[in-house]
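Undergrad: Residue numbers 1 to 371, in full-length UniProt numbering, belong to the letters of the sequence shown in order.
Since the hints were derived computationally from the structure, they do not count as laboratory data.
Misleading hints may appear alongside valid ones.
As the list claims (entries may be wrong) - Below, in silico cross-link-like pairs of lysine to aspartate or glutamate (EDC-like), each with a Cα-Cα straight-line distance of 16 Å or less:
hint, residue 1, residue 2
1, K207, E308
2, K208, E111
3, K282, E272
4, K208, E308
5, K354, E340
6, K208, D115
7, K207, D103
8, K207, D275
Quick caveat, the model's predicted, so the values are computed rather than measured.
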Amino acid sequence: MQKSNTVLILRGFVVLGVILMHTSWFFSSGGSENMVALSSMLLEVLSLFAVPLFMAIAGYLFTGRNKHAYIYSAAFFKKMLLSVLSPYLLFSTLYIVTAFVFDGHTYTLGEIVVDMLTGSAAVHLGFFRALIGFYLVYPFLIRIFTKCRESGWLKYYFAAAAVLQISWKVLNNIQFETVWISYLLMGTMFLRYLVYFSLGMAAYYYKKEFLEWIGRSRKFLVWLLIIFIPLVTVCWLEKYYWKTYYILEFICFPLNMFLYTILIAMLFYHSEDIDRKNTLQKRFVLYLGNYSFGIFLIHIFFMYLCTEYLLPLLQITPSMLTFYPLLFVLMLVLSLGSMEILARLPFHELLIGKVERRLLLRRKSGRTNSL
């Protein structure tokens, strides 16, 4: 399947969501429940759509490119090696070296191997366990999905996917003393995003019907957001501040699933609308989307440098309102600058994945233009 502008636009929203998520991440560092902390927490709740949306995009593209991949093949795993494993291993190495150089953290060979295998070299790399997991189970998953689609059982498929996703979240939230259970949860992390990935698969087959339904249901979806956002926010207040009703953390799991599914649907519809127009907004989001994979990998490195060195040097802390917009802009600008450099290196696909040359910044007649 050819990569449409809609997919790149959605990836642009992923970039904005991921950077916003790791900016507002520091809300609990401010201490008390002041307005700065609570506002940042609300942004954190909303921005967490980013990884579910990335998984939905992955499901859409997996199905478009491999809809008949019912068996495992060398070509299928070659795609995985080039598009996922190579950048993952290189950036895992970067974060291990960063921890050694800046924090003085010493590693044994065994610790390095474990960090590489479990995605533990940096906080956001655990996401790759899920992505690689989808690569490993995809031929099996597409068989089940296709069978249910052709038999009219998709509603049962999604019900089962929701049960598996919520069950994984519940089990992952329980402290198990048995080591093998922890490793089992690590190895099945893809279940955490099963509904979103499957939503992307369904969107590939029913794109027209999906968009038409969202168009007819926009007011209803907005009302659902008005209901779900406060409910999820209450769960977060319990988790980080009240710490009284532990059960609210578990109630939050299905609420999160519904909230981010609605946000994904609305962003999908909005991206189609953006793609029909030639605006500055479209060009900017396309530009971000072109570098989405690389930005996802590298932005935590710049977050670390800014929060551990630059912002403390300027005496700017998470309790101050200026901390958040400044960190957001710094992470975004530094990540984009690094992508512009890396995208021009030979074999850049092994570092940051594929990028479209037409969307790189180019210098012409002394001016820099976005093409």
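Undergrad: With reference to the structure, classify each hint as holding or not holding.
TA: Structure-based check of all given hints:
{"no.": "1", "hint": "K207 <-> E308", "in the structure": "violated (44 Å)"}
{"no.": "2", "hint": "K208 <-> E111", "in the structure": "violated (48 Å)"}
{"no.": "3", "hint": "K282 <-> E272", "in the structure": "holds (11 Å)"}
{"no.": "4", "hint": "K208 <-> E308", "in the structure": "violated (47 Å)"}
{"no.": "5", "hint": "K354 <-> E340", "in the structure": "holds (13 Å)"}
{"no.": "6", "hint": "K208 <-> D115", "in the structure": "violated (42 Å)"}
{"no.": "7", "hint": "K207 <-> D103", "in the structure": "violated (48 Å)"}
{"no.": "8", "hint": "K207 <-> D275", "in the structure": "holds (15 Å)"}
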